[in-house]
Amino acid sequence: MKLYDETQLTLHNEPAARVQTPEISVFLPVFNEEPNLRPLHKKLTQALVQLGRSAEIIYVDDGSSDRSLDILREIAANDPHVKVIALRRNYGQTPAMAAGIHAARGKVLIPMDADLQNDPADIGRLLDKLDEGYDVVSGWRKNRQDKLITRKIPSMIANRMISWIGGVPLHDYGCSLKAYRRESLADVQLYGEMHRFIPIYASWSGARVTEIPVEHHARTMGKSKYGLSRTIKVIFDLMTIKFMASYQTKPLYMFGFAGLTTFAISLLCAAFAFLMKFANWPHHADFIQTPLPVLTMVLLVLGVQFFFMGLLAEMLVRTYHESQSKPIYAVREKIGFEK
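This note's numbering applies: residue 633 is where the sequence shown begins, and numbers increase by one.
Keep in mind the hints are simulated off the structure, nothing from the lab.
Quick caveat, the model's predicted, so the values are computed rather than measured.
Every residue gets a Cβ at the ideal spot worked out from N, C-alpha and C, and that includes glycine.
Do not rely on the hints blindly, as some may be mistaken.
Computed Cβ-Cβ distance ranges for the label pairs, DEER-style [unchecked claim]:
#1 R720 with N775: 33 to 43 Å
#2 R964 with E764: 39 to 49 Å
#3 H849 with L892: 50 to 60 Å
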């Protein structure tokens, strides 16, 4: 049974096989969204039809345990513009988004959630803003329809911290609905839970980043996959972001500064120990009567370790920048891709 009338909903006036490079690639991570997928695809297709641009839709099933993958297979069978990537297990949102980015062929890449809380009608507004000369347009859920204590307040705090540390002032890093020019993501490699920081990575590469308010609907079907536990992950990710922002290409600066600091404290401890033994200031004490000599040696060794850690980090940084071909996900099957 068709999900919609194909005579009314056609993303492009040519067969999908002829469109080698679509203008738009929309990709959606999916995890246990069985009741949302059919209405979502209908709304998404209608929004893309109204744009009048060639488009492809990529669903990334992130190891769903319900019938999400079966429904995606059905959707792909009825719509030649749809592609489905099924991951072998549940890897998380960042690897699922990375899979979508790697598979997308469009000139503009648009990620969004599959829970019907993002409105596909906002895609046109994102593209209009992109046409003003920006490279990244981020959605801002200004009237967010989520719980205040568990979702909105932690998100507000996290967004301010991310903006301060990352140097890109956005109100809503957690909003999945964004628009990227393909070239702005050319050097972006995603790890851990880093998908929310893509605008920062793009900005570091010289991309022009802005944001616009977008609609946000309350979840009506399915269950939210997010909770307060993600706040802890955000804190750890922020530590990584701060390190990468300041010392990504020169980690020896940080480790070297730490090494010099411990060396300086070590010398002060040694000087104070000698003053106590030989100058009786502020009072006499042999080396075995004070912990200062032991502290001197510990800090001296720690300073040497910091310097060597910095050198090792320099080598790792060069490896990081020169070889990043190992994927962070494994694909079980691909549907609708050219063989």
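Going down the list of hints, with the structure as the test:
Between R720 and N775 the beta carbons are some 38 Å apart, a value that agrees with the proposed interval 33 to 43 Å. Between R964 and E764 the Cβ separation comes to about 40 Å, which falls inside the hinted range of 39 to 49 Å. Between H849 and L892 the beta carbon distance is about 54 Å. The supplied range of 50 to 60 Å therefore holds.
Checked against the numbered hints above, the structure breaks none of them.
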